[in-house]
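Chemist: Below, each chain spelled out in residue letters.
Number of protein chains: 2
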Amino acid sequence: MRQSSFFIRTKKEEIKGEPSLNAQLLLRGGFVNKEMAGVYSYLPMGLKVLKKIENIIREEMRTKLGAQEVLMPALHPLENYKATGRSEMDVLFHTDLNGGGKLVLGQSHEEIVVPLLKKFISSYRDLPLGVFQIQTKFRNELRAKSGILRGREFLMKDLYSFHEDEECLAEYYERSKEAYHSIFNRLGIGDRTYLTFASGGTFSDYSHEFQTITESGEDDVYLCKECNVGINEEIIEENPCCPSCEKNKNELRKERAIEVGNIFPLNTRFSDPFSLTYKSKNGEERPVFMGCYGIGVSRAMGAVVEILSDEKGIVWPKEISPFSVHIISLEKNEEAEKIYQKLIDAGMEVLLDDRDSSPGEKFAESDLMGIPVRIVVSEKTLRSDSVEFKKRTEKEAELIKIEEIVSYVEQNI
Amino acid sequence: MRQSSFFIRTKKEEIKGEPSLNAQLLLRGGFVNKEMAGVYSYLPMGLKVLKKIENIIREEMRTKLGAQEVLMPALHPLENYKATGRSEMDVLFHTDLNGGGKLVLGQSHEEIVVPLLKKFISSYRDLPLGVFQIQTKFRNELRAKSGILRGREFLMKDLYSFHEDEECLAEYYERSKEAYHSIFNRLGIGDRTYLTFASGGTFSDYSHEFQTITESGEDDVYLCKECNVGINEEIIEENPCCPSCEKNKNELRKERAIEVGNIFPLNTRFSDPFSLTYKSKNGEERPVFMGCYGIGVSRAMGAVVEILSDEKGIVWPKEISPFSVHIISLEKNEEAEKIYQKLIDAGMEVLLDDRDSSPGEKFAESDLMGIPVRIVVSEKTLRSDSVEFKKRTEKEAELIKIEEIVSYVEQNI
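So the protein lines, in turn, are chains A and B.
Take 2 as the starting number for the first sequence in our numbering and just add one per residue.
Take 2 as the starting number for the second sequence in our numbering and just add one per residue.
Only true hints are included.
Which copy is meant is left open, so a pair is good if it fits within one copy or across any two.
As a list, the in silico SDA-like pairs of lysine to any residue whose alpha-carbon atoms are at most 25 Å apart: (1) 49 with 70; (2) 226 with 238; (3) 52 with 70; (4) 83 with 97; (5) 35 with 127; (6) 53 with 70; (7) 52 with 2; (8) 103 with 92; (9) 52 with 64; (10) 255 with 238; (11) 12 with 309; (12) 83 with 288; (13) 49 with 72; (14) 12 with 277; (15) 12 with 48; (16) 52 with 350; (17) 333 with 398; (18) 65 with 355; (19) 53 with 64; (20) 49 with 60; (21) 65 with 2; (22) 120 with 14; (23) 363 with 129; (24) 103 with 87; (25) 392 with 5; (26) 103 with 142.
To be clear, the hints were calculated from the coordinates, so they are not data collected in a lab.
All figures in this text were calculated on a predicted structure; none of them were measured in a lab.
Looking at chain A on its own, in the form it has when it is part of the complex:
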């Protein structure tokens, strides 16, 4: 992509009235546009990042959990929420159907997925089963001040699993933890993201959150070094020690964190109101056991920005960066175009800054955008048939011969 034909412009200055770091950097870098508090448009580069995160999650859901992808709607009949007792939730957006009928906008899909799967699950042979979607959710938040970390409209992956009994659910639930760790590792925030005990579960009395440690987080979590897990505030208030090794609260480290995912053993909480049952091997009609497993896709993008950024801007991890290489052409020179084409031919995603700005502006903008590799093509280095190669994570640039640049980038990205 040539930057000259991109409609995005970055902003040097801090944006006023925007306390959130992720919103600052994403707005200034031209990744998103704020439509109202908690509601964002994704601009071309932001959408590229979002799609890459989606694809990592999709891949892990399929390969690690054998889950099948569906797409459920945002418009839900209110009556389904009356059946589960959730119609009074504060965060629901309400709307009316012309011609009569009360609807809400989905903030989660238990009320839709259970009646849907009731049409397909009848026997133990149909279980276990995992279905997921990557879909837009709506939460009528009173305040939405954390950029894309807490949206009124946001993208989420939600997986629902269906089992014969608590034991089968527990086995799948354990596997989901591995899939989640793998996702957060690939997003580049694995070392900061802790499986965290939370309330509301059934077997072992817990559900779990995935909490990413960052100062801008909205939650407090207590980290147990011994077990490499977190404990959320609600749990620690009930029982001031690590649920796993029983280490005392005083020995745990209190940190601020963002909840980037959660997994929840629902058991029969939602199958009961819709009578989702199956016929067991010996012919009994039994309730289906369920689990649900969420990841905020746009929130994960915000968490990456909060953590992987420095005073100059974002530092995208390579798997989700909008481009792999940012070529900066200092004087409009043909060599930059040639290198651009060579890298594209080698299968890389390349952004070429071919505009008439000053070197200083281009460098600052490149740091703000956070593409992992920067190549500067200038008349000066071309005299020695070289270009400057610099990683976003490093301070110093290296001179690389043009003839070696493709293989050098391939090996050092």
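Please build the complex by placing chain B on the supplied structure of chain A, with the hints as guidance.
Modeler: Just chain B now, kept in the frame of chain A:
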């Protein structure tokens, strides 16, 4: 994908109370689930088709029109609609923000994209520009009886173009027609889809629809054989002849049709209320000229089903079929598994029917699902080291040697 692990089951019987052909076939084939009138979930195979249609449209928007993809939200401030005089539209869903604020759900995005682009367009150097999205739209339809042809919630591609003047807009508008024809050709409905004169345009006094001829259509169009275009009812009532060759209404063929796309020269209709202007070469502040270009993604899927189906079921065109090959294993035999693996290794998308059903059931189900190529692996043909190969569009099967099957499928798909 092995059918035994798919959670979908097809239905032999007609579904009662569902007059629409596309809904009948998509529901019976296990592609969608109806949540309420005009609101559908996409099941794994349906979602695969939808994503393929999306990708065709995306590719054509990028390559033919150089458009950049964004993602705008569904929640819109009502005040933007007051600015354009569209706040009283019947089809808007309304909702309230906790803490105050009136919102509507987007049925189109002029009210969002214009204020957004106002931040990025300031000079003639920023024009022309095309941005598009593939995003969920909401229309509060009083009646929704045409399956996925007329949804209350549906997927749409909407492109907005921005220009210096009417002439530049007209040039882009002409190119958009080519892109649209190319899309409908790739969807397999090009020969039935006509550029159709509609009212509401400015230059040449027309906007245009893309109307696909089918009995189940909701519109009447008049086809001019001479010009290979359609004229919609509104236009023909005003002036009973072809706008292009002036052939009289009597010589035109009246047909029922579905509107699968539309393109509209907006001129300054939406730039004016938001004061979207640019500085021209000689320093004047001028209004930006706009066009908008829609395709119903889910509607296009419905149109394909209406047209490309027979008494047995759907006949997917190969570019959007959920799978390329359907292998039916008649007795659970290892050879079917081997062929399945071989075709997957050759890069094909294959569905393997490895379940314990009767041959008759399997064949009927395969015809209903509509995958372009069917391969039957049975003990009988294996005796001559062969399998049966049949295209969905043909009546007769051929015997093909197993060792030739991969290359035969590649050449005959």
